[in-house]
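*Asks:* Residue strings, one per chain:
There are 2 protein chains.
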Amino acid sequence: MATKRTSISDIAKELNLAVSTVSRALSGHSRISEATSKRVWKLAEKLNYQPNHLAAALRKGRSNTLGVIVPHIDGHFFALVIKGVEAVANKAGYNVMLCQSNEDYVHEQKNIETLMNAQVDGVLVSLARTTHDFKHFEKVRKRDIPLVFFDRILDGVNVSAVVLDDYQGGYQSVQHLLEQGCRRIAHFGGPQHLNIYKNRYAGYCQALHDHGVPFDQELVVFGDMTLADGMRSMTELLQLPQRPDAVFSASDFSAVGALQVLKQHQLRIPQDIALTGFSNETFASFTEPMLTSVDQRCEEMGGAAVRLLLEMVQERPTQLSPRKILLQPQLVVRESSRCRQE
Amino acid sequence: MATKRTSISDIAKELNLAVSTVSRALSGHSRISEATSKRVWKLAEKLNYQPNHLAAALRKGRSNTLGVIVPHIDGHFFALVIKGVEAVANKAGYNVMLCQSNEDYVHEQKNIETLMNAQVDGVLVSLARTTHDFKHFEKVRKRDIPLVFFDRILDGVNVSAVVLDDYQGGYQSVQHLLEQGCRRIAHFGGPQHLNIYKNRYAGYCQALHDHGVPFDQELVVFGDMTLADGMRSMTELLQLPQRPDAVFSASDFSAVGALQVLKQHQLRIPQDIALTGFSNETFASFTEPMLTSVDQRCEEMGGAAVRLLLEMVQERPTQLSPRKILLQPQLVVRESSRCRQE
DNA sequence: CTGAAAGCGCTAACAG
DNA sequence: CTGTTAGCGCTTTCAG
Chain A
24 MATKRTSISD IAKELNLAVS TVSRALSGHS RISEATSKRV WKLAEKLNYQ
74 PNHLAAALRK GRSNTLGVIV PHIDGHFFAL VIKGVEAVAN KAGYNVMLCQ
124 SNEDYVHEQK NIETLMNAQV DGVLVSLART THDFKHFEKV RKRDIPLVFF
174 DRILDGVNVS AVVLDDYQGG YQSVQHLLEQ GCRRIAHFGG PQHLNIYKNR
224 YAGYCQALHD HGVPFDQELV VFGDMTLADG MRSMTELLQL PQRPDAVFSA
274 SDFSAVGALQ VLKQHQLRIP QDIALTGFSN ETFASFTEPM LTSVDQRCEE
324 MGGAAVRLLL EMVQERPTQL SPRKILLQPQ LVVRESSRCR QE
Chain B
24 MATKRTSISD IAKELNLAVS TVSRALSGHS RISEATSKRV WKLAEKLNYQ
74 PNHLAAALRK GRSNTLGVIV PHIDGHFFAL VIKGVEAVAN KAGYNVMLCQ
124 SNEDYVHEQK NIETLMNAQV DGVLVSLART THDFKHFEKV RKRDIPLVFF
174 DRILDGVNVS AVVLDDYQGG YQSVQHLLEQ GCRRIAHFGG PQHLNIYKNR
224 YAGYCQALHD HGVPFDQELV VFGDMTLADG MRSMTELLQL PQRPDAVFSA
274 SDFSAVGALQ VLKQHQLRIP QDIALTGFSN ETFASFTEPM LTSVDQRCEE
324 MGGAAVRLLL EMVQERPTQL SPRKILLQPQ LVVRESSRCR QE
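So the protein sequences, as listed, match chains A and B. Adding 23 to a residue's 1-based position in the first sequence gives its number in this note's numbering. Adding 23 to a residue's 1-based position in the second sequence gives its number in this note's numbering.
Because the hints were derived from the structure by calculation, they are not lab data. Note that the coordinates shown come from a computational prediction; the quantities given were computed from them, not determined experimentally. Don't take each hint at face value.
In this list, chains with the same sequence are indistinguishable; a pair is considered to hold if it fits within one copy or across any two.
[To be verified] Here are the computed lysine to aspartate or glutamate pairs in the EDC-like style, where the Cα-Cα straight-line distance is at most 20 Å:
#, residue 1, residue 2
1, Lys286, Glu358
2, Lys106, Glu136
3, Lys286, Glu311
4, Lys347, Glu322
5, Lys114, Glu136
6, Lys347, Asp268
7, Lys133, Glu68
8, Lys69, Glu37
9, Lys27, Glu338
10, Lys158, Glu68
11, Lys221, Glu241
12, Lys83, Asp97
13, Lys27, Asp156
14, Lys36, Glu323
15, Lys27, Glu37
16, Lys69, Glu136
17, Lys106, Asp127
18, Lys158, Glu136
19, Lys114, Glu126
20, Lys347, Glu259
Please take these sequences and the hints and turn them into a complete structure.
*Replies:* Set out below in structure tokens:
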């Protein structure tokens, strides 16, 4: 029945060697004779030896596991980021332990506990929407465990991070709408304590400014970026004496909400109101009209984040200087904003 | 700088107790005095003691980690399943290690290696599309590590598994279409070596049969269930001398493909051709018309799968009798098939 | 180049 | 109820 795993000491016994010798041979140490090394490897293979990582981890104080905390995993952004993370991590010989905070601050704290208990060698985090402070991460830093944030970071805190240039994403979206002839461009914004939403908004403002279009406060609606929220915001905008001729939404979900409301009101897209979203979700090309959106280079982000983390894990002097990586977004133009005829 | 973790022995020293006593107190052992227990807990709290799980795992031979292998993580089905898995696993004090096979057999084998090395206590698997045999799982069984499959299982192999009653899903979809007055109902089917597609197809056939509608081979098109594939299949069907009046697609993606083709051909949905998909993807309510689909109870599936796995992990006699759990699907009727007028 | 021995932090007999 | 002791399997000095 259950076959006992073969251990280093089994091999050592069989070969009349010391465990230390076998250990060294197996871990490709230099100061070992070609001959013994061969013998060890051959027997290891034959006995189907599998190293006990737990033991090694305990001894070395490193687990070869990285922890990742994301707000959630549904919706393709984080899914793709994780794909990127896994690919790079596995290639480098690391395992990945995944936690979801469910957009909840308290849950996020628990996740940190979990990962610390699992002795991960480094942590990758994208903040929950409800996270406003940094207390729980102090613990990580105290233990001197490398920490890298991605996408959603807390503003004004000096940490290593990989983020999309959301400002550019916003800027390009609005510039594109302006080029299509739109002048009253509205914005659906998210919680402003999160860098991503703040920057998208900033890009929006700057683009308007640079093109000499006056900023109008009543065209900006903040919300939580769900589909329902988008419906609410759009309904609100349609009640203005002079309605907008375009909407730049900071999320594809609320953009779809807007889209549904516009259809209910028999308004044509993009002729009456042009529409752009953010994230380039899978469904962006499933709606009608297809939704213009901003691609966030998800997999690249995941890859870049782990690479940064691994650098920190491998070379010691961690605290020296937090590094930031800025990824360039890509505007994907589709029907909902294209070829606008005046 | 890096604070050293406090260990059990630190606490023991401080309190003039034996490590074993402290250990027992901390793990809520019964045979310990109320008083010492209190003292231990208090100090542990004060020193912010965090148990070293690796050490415990090494000692106990169990890692308190479960491994999960999924084909991929994008697309909401697996995302939600994983959410369910995590919720239940974490509540039971287990960590989850996630691997993606990328729908690739070879990659799946590597994932198994990875998880075995990480010493997981149990493995949860949903097969890659390209997996046709079971060799790599033998290793898991040899080691007597509990193994539970979910959703995608290999046909005819006797293992524990949690699956959706895909047959029912197919049956209900077709029955619903029949009730709407459709008679020439087509089917987009997936790779038939996978249980899920095979059963959806079987449900389709049986429903037709039970309602006295003759089966017509030319109305069944097999493919790989992508959006492009749906477009191809639909185009093919439209070339028939007598076109179908409904399509039951085994995937929402190919259903959307069909939907796009139908629109290009100026056909009305559901009046000219009714349409139903499978999986109830997020975007099912984003299309126009909204897509009728079958909900797969994703989170329940994840939860049920871990619970089954944990039972096996906790009580020893593993090999006794593989258990199967069958979840009932739920038809979600939306515009693409509703209130059909003849 | 190889061996002996110590110990990572925890648990589980076995004794009191 | 508490203490003593022995290891889980591996890496890593320190000696040869």
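*Asks:* Are the hints correct? Go through all of them and say.
*Replies:* The hints, checked one at a time:
1. Lys286 to Glu358: both (15 Å within a copy, 15 Å between copies)
2. Lys106 to Glu136: between (24 Å within a copy, 19 Å between copies)
3. Lys286 to Glu311: Both, since 10 Å and 10 Å are each at most 20 Å.
4. Lys347 to Glu322: Result: close within a single copy only, 17 Å intra versus 36 Å inter.
5. Lys114 to Glu136: Answer is between; shortest inter-copy Cα gap is 13 Å, intra-copy 26 Å.
6. Lys347 to Asp268: neither (37 Å within a copy, 56 Å between copies)
7. Lys133 to Glu68: between (41 Å within a copy, 16 Å between copies)
8. Lys69 to Glu37: within (12 Å within a copy, 49 Å between copies)
9. Lys27 to Glu338: Answer is between: at 19 Å across copies they meet the 20 Å cutoff, but 37 Å inside does not.
10. Lys158 to Glu68: Intra 48 Å, inter 17 Å, cutoff 20 Å: inter-copy only.
11. Lys221 to Glu241: within (17 Å within a copy, 55 Å between copies)
12. Lys83 to Asp97: Neither way: Lys83 and Asp97 sit 36 Å apart in one copy and 35 Å across, limit 20 Å.
13. Lys27 to Asp156: neither (48 Å within a copy, 25 Å between copies)
14. Lys36 to Glu323: neither (47 Å within a copy, 49 Å between copies)
15. Lys27 to Glu37: Within one copy only: 16 Å inside, 39 Å across.
16. Lys69 to Glu136: between (40 Å within a copy, 16 Å between copies)
17. Lys106 to Asp127: Between copies only: 14 Å across chains, 23 Å inside a chain, cut-off 20 Å.
18. Lys158 to Glu136: Within one copy, since 13 Å is at most 20 Å while 37 Å is not.
19. Lys114 to Glu126: Between copies only: 18 Å across chains, 29 Å inside a chain, cut-off 20 Å.
20. Lys347 to Glu259: Answer is neither; intra-copy 38 Å and inter-copy 51 Å both fail.
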